[in-house]
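Visitor: Chain by chain, the residues run as shown.
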Amino acid sequence: MAVSGFLAFSQPFSIKVIGLHALTGFLFIIVVTCHVFNNIVPLKKYFKEPVVWVVIFVTVLLTSLFIYQPRPVRAVLGLSGNLGPVLDRFEMNESGMTYRYSPAPFYKLLLDLRTGPSFDTQNPPRLAIWLENQSFYHIKTLFVSDSSDSREMLPFWAFKVEGWENAKREAEEKELALDEVVDGVSGATQNGSFDPADYILPTDQNSSMPYRVMIEINQPGDSSQKMKDQPSLVYEVEVDNFAPRTFQLLELIGYPEFDEEKKEWAIYYVDDRFDSALEIVDSVLLQIERDLNKESTGDVKGP
Amino acid sequence: MKSSQNGNHRRGFLQKSLLGASSFAGLNIASSTHVSAESVSQADEPEITNEVDVLVVGGGSAGTIAAIQSGRAGAKTMLVERNLQLGGTTTTGGVAFPGLFDAWGKQVIAGIGWELVKESVELDGGKLPDFAKVPRAHWHNQVHLNQFIFALLAEEKCREASVELAYYEFPSSINKTENGWQVDCLGFGTRRRVFCKQIIDCTGGAEVVGLLGYERLREDERQPGSYLFKLGSPHNPAGQQLHRLYVHGADSTNSRTVTVANITGRQSILQKVRDKKMRLMHMQPETGFRESFRILGETLITVKDYTSGRLFDDAVSYAFYPVDLHTKRGVKPKPLKPGTVPSIPLSALIPKGSQNLIVAGRCVSSDRLANSGLRVQASCMGMGQSAGVAAALAAKTQTTPLKVPLADIHGLLRKHGAIIPTKS
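Protein sequence lines, in the order shown, are assigned to chains H and Y. First residue of the first sequence: 1, per the working numbering; consecutive thereafter. First residue of the second sequence: 304, per the working numbering; consecutive thereafter.
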């Protein structure tokens with residue numbers, strides 16, 4: 001269980017690791033229950049020892065800390081790509097995929113992807129979900145399929161992440177704040193921040209910055225009448241905290257292609273070469289629930 | 304060796320002397336070309352009279368295209384422009400990145416405006432945006448062009464369409480006649496009387512409509528104008544963007560308000576030159592104005608019509624741009640929803656209750672938010688071509704633009720390369 005817990009902390013999100021961790025957890029509960037039954041008499045004697053009560057107190061304290069996640073705990077969990085200071089959960093079944101993201105008690109994001117007829121449940125499509133600022137910079141990857149070919153199958157997401165990593169490296173080399181580097185490129189101070197909290201959970205609603213929720217999806221080996229393998233498709237929706245909406249549908253914006261002249265990946269309009277790829281996804285609904293009263297206290301800044 | 308050195312020295316001396324002489328005598332003039340202007344008939348007469356089918360007032364984005372279209376449709380056409388060149392906001396204002404001709408991967412505005420823009424880019428050795436690429440911001444699909452080439456080509460196309468150009472003139476009074484209008488224009492040293500069957504008002508602020516007393520709409524506070532200039536590095540037309548200075552309160556209502564806006568903008572630019580201690584490398588002759596009067600037309604395009612992409616029954620052209628209202632705090636464009644392409648009805652170009660009069664450009668009958676998207680150059684060019692067709696056909700058939708059969712307008716527009724809004 002310690003091994004699977006460490007893997008869940010350190011490795012990219014994997015349904016196998018999470019499943020293994022859950023299974024070992026259940027196994028641990030069974031073993032503990034058997035152990036209690038087998039040793040009920042000596043255990044009763046233990047409760048007469050003061051050290052047992054100290055152990056119980058420490059256990060309750062640690063459990064509370066991990067449930068309520070005060071700032072130092074969030075800092076530690078934030079080092080993980082999966083756990084983070086958030087409740088972050090991805091589920092997949094035959095009817096679709098859901099991604100839940102709750103960086104603060106008063107904020108819940110749900111991305112509900114309904115599958116279309118071209119969705120192959122046996123060999124599910126590669127998927128990346130990320131946030132972009134108004135200057136089109138990647139600010140946070142929320143989810144990416146745990147597959148060795150994800151970067152290859154999801155080239156637009158990979159390109160965006162690389163741009164962000166380069167900007168971060170440049171900032172570190174020049175000992176600048178990250179947003180100073182971005183401002184130099186984008187020229188847009190308002191959208192220069194790379195801190196997702198500035199977009200998702202702004203401390204000042206009046207100066208909130210719009211951002212985009214993006215997904216890239218690619219079904220491996222999906223040929224069309226005009227293509228051997230249809231490229232990935234990119235969907236997006238803009239979220240404006242200044243005028244928040246609870247429900248929004250993501251729109252298909254196009255497919256990525258490498259622009260040889262500019263040496264970068266760009267999105268192109270879908271044309272008549274595409275057929276089944278357009279039916280991998282039936283719809284993608286973004287739902288954001290916010291409790292503005294709690295938010296205004298500024299208790300939690302988020303990730 | 305010695306003589307060679309002497310020879311080099313002598314050649315160097317001669318070269319320096321020649322360069323010195325030429326730079327002293329001619330500064331930057333490398334060569335001069337001699338041309339002869341045609342002699343102007345009745346040049347000594349301050350009062351002249353013209354009789355035309357269609358009079359276009361204002362030679363900006365809409366007016367230039369309207370005049371070319373009217374001329375190509377066979378109507379005897381005159382274009383009166385208060386300034387020194389054609390192109391308006393694109394040239395005099397310097398906003399030389401017209402848009403938007405494409406929406407969602409398809410061209411929605413073509414015809415004469417697109418022909419002019421495309422040829423300008425080609426002649427300048429420039430490159431059009433890749434319209435198959437999804438623009439990550441609306442301005443990625445604006446076409447960057449050389450404002451000077453654009454002005455020259457616009458003038459050439461007017462001449463080729465037999466449009467008579469009258470610069471530095473503006474209508475001072477307009478009266479109805481049996482067959483249309485008598486328009487008295489004033490220019491320096493010129494008093495021109497024009498008898499025409501149809502007027503196309505492309506003044507931006509519906510000045511002709513105002514002179515005739517038809518109802519116009521105007522907000523108490525208008526969007527700022529932009530004064531474009533360049534400090535430090537040389538101006539590279541169609542290359543780097545110019546610097547932009549917001550002139551709040553800029554109003555193109557009349558010569559007095561335009562004068563104030565221009566002086567305000569220029570004073571501020573002068574202050575920047577002093578503060579930044581940089582050379583002023585380029586400055587447009589005038590503020591680019593965004594908003595003044597709009598007409599109250601037979602139909603008023605609302606922001607709901609615009610953002611929903613309403614297809615009007617009498618639609619003559621498309622428009623495409625975000626709702627783009629500039630304020631004192633800047634601008635926050637609201638993009639249209641994917642797939643949405645607004646349309647412009649003929650009846651929104653007709654001042655309510657008027658006859659033999661049509662407008663084109665940013666004075667189109669619309670509410671303020673709809674107008675903030677409709678006012679851009681490509682949409683104005685589309686309107687201009689539609690107005691040119693409607694006016695030419697109306698003049699030919701002795702009727703008013705609103706009574707010209709829509710099928711005839713659509714047919715002639717298609718013949719001249721325009722895209723007509725249809726149910727997809």
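Simulated from the structure, these hints should not be mistaken for laboratory data. Treat the hints loosely; a few may be bogus.
Derived pair list, reagent style EDC-like, types lysine to aspartate or glutamate, alpha-carbon separation capped at 20 Å [as the list claims (entries may be wrong)]:
hint, chain 1, residue 1, chain 2, residue 2
1, Y, Lys635, H, Glu238
2, Y, Lys436, H, Glu236
3, Y, Lys436, H, Glu94
4, Y, Lys436, H, Glu260
5, Y, Lys379, Y, Glu459
6, Y, Lys436, H, Asp240
7, Y, Lys430, H, Glu261
8, H, Lys263, H, Asp146
9, H, Lys226, H, Glu162
Some, not all, of what chain H presents toward chain Y, calculated at C-beta under 10 Å [unchecked claim]:
hint, residue
10, Ile67
11, Glu238
12, Val239
13, Glu251
14, Tyr268
15, Tyr269
16, Asp275
17, Leu278
18, Glu279
19, Asp282
For the chain Y half of the interface with chain H, some residues (derived, Cβ under 7 Å), not all of them [to be verified]:
hint, residue
20, Gly408
21, Lys430
22, Pro432
23, Lys436
24, Pro641
25, Val644
Quantities reported herein were computed from a predicted structural model and do not represent experimental measurements. Beta carbons: idealized from backbone N, C-alpha and C, even for Gly.
Visitor: A closest beta-carbon separation below 10 Å is what the hint needs, so does Val239(H) meet it against chain Y?
Guide: It is violated, given that the least Cβ distance between Val239(H) and chain Y is near 14 Å, above 10 Å.
Visitor: Given Asp275(H) as an interface hint, is the shortest Cβ-Cβ distance to chain Y below 10 Å?
Guide: 17 Å, violated
Visitor: Need the status of pair Lys263(H), Asp146(H): alpha-carbon distance at most 20 Å?
Guide: 27 Å, violated
Visitor: Would the hint on Pro641(Y) stand, with a C-beta cut-off of 7 Å toward chain H?
Guide: 5 Å, holds
Visitor: Would you check whether Ile67(H) satisfies its interface hint, that is, whether its CB is within less than 10 Å of any CB in chain Y?
Guide: 40 Å, violated
Visitor: Does Lys436(Y) pair with Glu94(H) here, judged by a C-alpha cut-off of 20 Å?
Guide: 34 Å, violated
Visitor: Less than 7 Å between beta-carbons is the criterion; does Lys436(Y) satisfy it with respect to chain H?
Guide: 5 Å, holds
Visitor: Have a go at the Pro432(Y) hint: is there a Cβ in chain H nearer than 7 Å to its own Cβ?
Guide: 11 Å, violated
Visitor: Would the hint on Val644(Y) be counted as holding, given a Cβ-Cβ threshold of 7 Å to chain H?
Guide: 14 Å, violated
Visitor: For the restraint on Glu279(H), tell me whether the closest CB of chain Y is nearer than 10 Å.
Guide: Violated. Min distance 18 Å.
Visitor: Quickly compare the C-alpha distance for Lys635(Y) and Glu238(H) to 20 Å and report which way the hint goes.
Guide: This hinted pair holds, its Cα atoms lying about 14 Å apart.
Visitor: Taking the least C-beta to C-beta distance, is Tyr269(H) closer than 10 Å to chain Y?
Guide: This hint holds: Tyr269(H) lies near chain Y, its Cβ roughly 3 Å from the closest one there, short of 10 Å.
Hints 3, 6, 8, 9, 10, 12, 16, 17, 18, 19, 21, 22 and 25 from the list above are not met by this structure, while the remaining hints are.
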